[in-house]
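Participant: Per this note's numbering, residue 2 is the first one in the sequence shown, and the count goes up by one each step.
Hints may contain errors.
Distance condition first, Cα-Cα at most 25 Å in a straight line; then the derived SDA-like pairs of lysine to any residue [to be verified]: (1) Lys56 with Leu43; (2) Lys56 with Val284; (3) Lys87 with Arg210; (4) Lys87 with Thr204; (5) Lys157 with Leu142; (6) Lys87 with Tyr208; (7) Lys87 with Leu70; (8) Lys87 with Ser163; (9) Lys87 with Ala286; (10) Lys56 with Leu46; (11) Lys87 with Gly166; (12) Lys87 with Leu43; (13) Lys87 with Trp209; (14) Lys87 with Gly282; (15) Lys87 with Asn201; (16) Lys87 with Ser66; (17) Lys87 with Glu196; (18) Lys87 with Ala197; (19) Lys87 with Met285; (20) Lys56 with Ala234; (21) Lys87 with Ala281; (22) Lys87 with Gly244; (23) Lys157 with Gly244; (24) Lys56 with Ala237; (25) Lys56 with Lys87; (26) Lys87 with Leu142; (27) Lys87 with Val284; (28) Lys56 with Ala67; (29) Lys157 with Thr141; (30) Lys157 with Ser231.
I should point out that these hints are in silico values taken from the structure, not numbers from a laboratory.
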Amino acid sequence: MTTTLTRVDTAPAAARKRRRRALGGSLAVAPLLVFTALAFGLPALAMLDGAFTVKDPATGATSYSADNLSASLQGAYLTALLGSVKLSAVSAALGALLGLPLAQAVVTSRFRALREAVLTASGVLANFGGVPLAFAFVATLGNAGVLTRHLGLTDKGWDLYSFWGLVLVYLYFLIPLMVLTITPALDGLRSQWREAAQNNGATAVQYWRHVALPVLLPTLLGGFVLLFGSAFAAYATAAAMVGSSVPLVTLQIADALSGNVLVGQENVALALSLDMVLVAGLVMAVYLPLQRRSARWLA
Numbered sequence: 002m003t004t005t006l007t008r009v010d011t012a013p014a015a016a017r018k019r020r021r022r023a024l025g026g027s028l029a030v031a032p033l034l035v036f037t038a039l040a041f042g043l044p045a046l047a048m049l050d051g052a053f054t055v056k057d058p059a060t061g062a063t064s065y066s067a068d069n070l071s072a073s074l075q076g077a078y079l080t081a082l083l084g085s086v087k088l089s090a091v092s093a094a095l096g097a098l099l100g101l102p103l104a105q106a107v108v109t110s111r112f113r114a115l116r117e118a119v120l121t122a123s124g125v126l127a128n129f130g131g132v133p134l135a136f137a138f139v140a141t142l143g144n145a146g147v148l149t150r151h152l153g154l155t156d157k158g159w160d161l162y163s164f165w166g167l168v169l170v171y172l173y174f175l176i177p178l179m180v181l182t183i184t185p186a187l188d189g190l191r192s193q194w195r196e197a198a199q200n201n202g203a204t205a206v207q208y209w210r211h212v213a214l215p216v217l218l219p220t221l222l223g224g225f226v227l228l229f230g231s232a233f234a235a236y237a238t239a240a241a242m243v244g245s246s247v248p249l250v251t252l253q254i255a256d257a258l259s260g261n262v263l264v265g266q267e268n269v270a271l272a273l274s275l276d277m278v279l280v281a282g283l284v285m286a287v288y289l290p291l292q293r294r295s296a297r298w299l300a
């Protein structure tokens, strides 16, 4: 009887303690929620309002309609959106294919210093972009670049200021980003799996085909999605390198906001931004389930 009464008496106290702990956690995360609402929520609301706001050029009156969204999915705007999707998909696919063997070489290396150096360099290069990156490639592989002149690349049809030239530049920061993304997953591959495969007569190719790649597939697809989003949102590098010679949605947004092509297209630029957000949302909808599935295998 004494034991039963003690348990009954301590149950409400334990419940109150859990409630206080939950309340304390909620209060601790409140500043982050407020910052997120201010930094992301207000701009998102402003973008939505502008994307659906149409101004009458004659009277100046404003109204809400989907005309801006319709305009953003037609003509040069649609071409730019599809161009960005194509560039991002190709760059992300190549970055994932090239980053995987490089990360595997780093993980299996016996030299710890090499691993640390490569991962550190990848962390730096993954964030190296914009105008400095464009200038570096122009000075190296541009029309008058050092390697272009020494190797005679112009006579061989090389053009840095093209779609494939831009893909090459994007790979400079996408491959290191893929190395950083896939390395933890490669570390999670258990040596027992390889040993079991070898004991059953499997070759290295069969091990990768039937064991390693199926386990890594969610992470590989997640890495592809992450690389896609990084390339899709890039602006400064393309703006400094190719200008309007390669149609990209980020460049179209900049032109619409500045009025370089047509005056009064600011709200169409906001509609283009909303299109980008929707594409990014679809990308994240694919990425998050893949990450959760990969975490279950590699935990």
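Participant: Tell me the numbers of any earlier hints that the structure contravenes, in ascending order.
Facilitator: 2, 3, 4, 6, 12, 13, 15, 16, 17, 18, 20, 24, 25 and 30
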